[in-house]
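Letter 145 of the first sequence, counting from 1, is numbered 144 in numbering that gives the first Met the number 0, and no numbers are missing.
Source of the hints: derived by calculation from the structure; they are not laboratory data.
Do not rely on the hints blindly, as some may be mistaken.
No farther apart than 20 angstroms at their CA atoms in a straight line, the calculated lysine to any residue pairs in the SDA-like style are these [stated by the list, open to error]:
1. Lys-146 to Arg-209
2. Lys-146 to Gly-105
3. Lys-146 to Trp-210
4. Lys-146 to Leu-156
5. Lys-146 to Thr-159
6. Lys-146 to Val-172
7. Lys-146 to Phe-52
8. Lys-146 to Glu-158
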Amino acid sequence: MPAVLAGMDGFVSEPWPTTEAEARAVQERLRRLVVTRDDFGPLRRIAAVDAHFSADGSATWAAVAELDADSLELTRSVLLCQPTRFPYIPGLLSFREAPAMVEAIGLLPEPPDLLVIDGQGTAHPRRFGLACHVGVLTGLPAIGVAKSRLVGRYEDLGETRGSRALLWHRREVIGAALRTRDGTNPLFVSPGHRVGLETCIQLVLRFAPRWRLPEPIRLADALSRMHG
DNA sequence: GCGACAG
DNA sequence: ATCTTGTCGC
Numbered sequence: 000m001p002a003v004l005a006g007m008d009g010f011v012s013e014p015w016p017t018t019e020a021e022a023r024a025v026q027e028r029l030r031r032l033v034v035t036r037d038d039f040g041p042l043r044r045i046a047a048v049d050a051h052f053s054a055d056g057s058a059t060w061a062a063v064a065e066l067d068a069d070s071l072e073l074t075r076s077v078l079l080c081q082p083t084r085f086p087y088i089p090g091l092l093s094f095r096e097a098p099a100m101v102e103a104i105g106l107l108p109e110p111p112d113l114l115v116i117d118g119q120g121t122a123h124p125r126r127f128g129l130a131c132h133v134g135v136l137t138g139l140p141a142i143g144v145a146k147s148r149l150v151g152r153y154e155d156l157g158e159t160r161g162s163r164a165l166l167w168h169r170r171e172v173i174g175a176a177l178r179t180r181d182g183t184n185p186l187f188v189s190p191g192h193r194v195g196l197e198t199c200i201q202l203v204l205r206f207a208p209r210w211r212l213p214e215p216i217r218l219a220d221a222l223s224r225m226h227g
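All chains should be built: construct the whole structure from the sequences, respecting the hints.
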């Protein structure tokens, strides 16, 4: 398996917010740049990114798994570690995970055609979840796939794969609960950047032909547990 | 005022 | 996210 290993020397070109107030200000500024309609070309290479933390939380590991969009087979991987720079605060998760993710994506020789992010996109109280943040910072199309709900309400959905229910918050559709496998809990899918909601749903079903989680996320997840 | 709260 | 084994069920 091809891999690149970078040390704890990562940096982000512009200063990263340190306080909650700063992060909220940045979030308010960046949220306006999110595009929630389809705006991407042919999908050849897709990539998923996942973050993990050391036991004491001081180090952040980011794993990127690049796959062929048709065969869903791993084509390349990146694993890097850098100091953690922000605490976990619900609604501000991206300020904890995005910097390492963006840097790891930058280590790919070629930018992928689509990012699959383990977290919410617009299904967020201020419409700026992790997938939006990473999408806007990289400029790449991104979709958010979360294993649980952050905000919003949805009606019951069918038990079979493909069943879905729109996720509503303050009279707005912010994403969808989507069943990718019969009898399992639904995933929460929402646009990250440059992808519309219906396309997000179609793509997640395509990328998760067998298991509950999309293959890209499964691979990135497995990779991120391989440090040490 | 009280509970909920991605990873 | 992390601490963590076996076990029940499709």
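The hints, checked one at a time:
1. Note on Lys-146 and Arg-209: the hinted pairing holds, with a Cα-Cα distance of about 16 angstroms set against a maximum of 20 angstroms.
2. Restraint check for Lys-146 and Gly-105: the C-alpha separation of about 26 angstroms exceeds 20 angstroms, so the hint is violated.
3. Proximity of Lys-146 to Trp-210 is assessed by CA-CA distance (about 13 angstroms); at most 20 angstroms being required, the pair is judged to hold.
4. Between Lys-146 and Leu-156, the direct Cα distance comes to roughly 16 angstroms. Compliance with the 20 angstroms bound is thereby established for this hinted pair.
5. Taking the CA atoms of Lys-146 and Thr-159, the gap is near 17 angstroms; set against the 20 angstroms cutoff, the hint holds.
6. Between Lys-146 and Val-172, the direct Cα distance comes to roughly 18 angstroms. Compliance with the 20 angstroms bound is thereby established for this hinted pair.
7. At roughly 18 angstroms between alpha-carbon atoms, Lys-146 and Phe-52 fall within 20 angstroms of each other, so this suggested pair holds.
8. Of the supplied pair hints, the one linking Lys-146 and Glu-158 holds, its CA atoms being roughly 16 angstroms apart against a limit of 20 angstroms.
Of the hints listed earlier, the one the structure fails to meet is number 2.
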